Structures are given as structure tokens and as C-alpha cells.
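Student: Start counting the sequence shown at 0; every next residue gets the next number (numbering that gives the first Met the number 0).
For the record, the hints were derived by calculation from the structure and aren't laboratory data. Honestly, I wouldn't trust all of these hints.
Unchecked claim - Listed below are the simulated BS3-like cross-link pairs for lysine-lysine, each with C-alpha atoms no more than 25 Å apart in a straight line: (1) LYS41 - LYS115; (2) LYS104 - LYS43; (3) LYS39 - LYS104; (4) LYS15 - LYS126; (5) LYS71 - LYS126; (6) LYS104 - LYS115; (7) LYS104 - LYS44; (8) LYS115 - LYS43; (9) LYS115 - LYS39; (10) LYS115 - LYS126; (11) LYS71 - LYS115.
Computed from a prediction, not measured in an experiment: that's the story for all the values here.
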Amino acid sequence: MSDIAWITHPLILSAKALFCSFLLLITAGLAIAYFLAFSKSKLKKIVEILVIFPLIFPPIATGFLLLYVFGKSGFIGSALNLDIVFNFSSLALAAFLVGLPLFVKPVCASFELFPKSLIEAVQILGKNRVQIFL
């Protein structure tokens, strides 16, 4: 390894993980925030608790839980035959899950501030949910 590679490799790896988690936050985070803001489902409270979970638990406990769930012997890891422990996918997933409440809660609050009368007016004009969102 060259003299500078010990610095650049972790920085590049962190930047890649940041970019992947950012893309996940934009896509999944927006969908989750939209669901939490406008849904009347019974699952709303459960999803909200799961979103806030990384803020409540210490990082060590969150990391252990991710290892337990996504490891080869975990219930998701074994069911889907995943091997994402200690590689780039686990880094991006952990960054996504830790950033999820910090993204979803403000976006959800912004959605809830949007006037419901405007949404109802657009629905009357015949637009579907995707068109309303865009």
C-alpha cells in the first residue's frame, strides 16, 4: 500500500457508502415519510417505531441487532441466503438505517404541513397519487 492509500481508501469507501445510503434515503425515505404523513393504516405506528429505533438504541446495540438479523444465522440472512456482514453492503445498509430517522421525521413533518385542501382539489381534478406527489 502506498503512503497515501491508507488515507484515501477509507475516504473513498466512506464516500461510496454515503452515496449509496443517500440514494436509499431519497427513494425509500421519501416513500416511508409519505406513508407516515398520509396513511390511515394500522401499520403506521409500527413503521414509525421502526424508523425511530436507531435514535433510541445506542449504536453498539443497533450494530449488534443488524448482525443478528442480517447475519448468516439471522432470520433475514438465513431466509434470503444473504452474506452482507462485514462488506460494503453492510456498511451502506448501516448508514441508511442510522440516517433514516434523521431524514424521515423532517420530511414527514413537511408533508403534514402541506395544505390538505390543495391535495383534495387536485384529486377532484382527476390526478392520481403519483401525480399529486410529483
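Student: State for each hint whether it applies.
Tutor: Here's how the hints hold up against the structure:
no. : hint            : result
1   : LYS41 - LYS115  : holds, 21 Å
2   : LYS104 - LYS43  : holds, 13 Å
3   : LYS39 - LYS104  : holds, 17 Å
4   : LYS15 - LYS126  : violated, 38 Å
5   : LYS71 - LYS126  : violated, 45 Å
6   : LYS104 - LYS115 : holds, 19 Å
7   : LYS104 - LYS44  : holds, 13 Å
8   : LYS115 - LYS43  : holds, 19 Å
9   : LYS115 - LYS39  : holds, 14 Å
10  : LYS115 - LYS126 : holds, 15 Å
11  : LYS71 - LYS115  : violated, 46 Å
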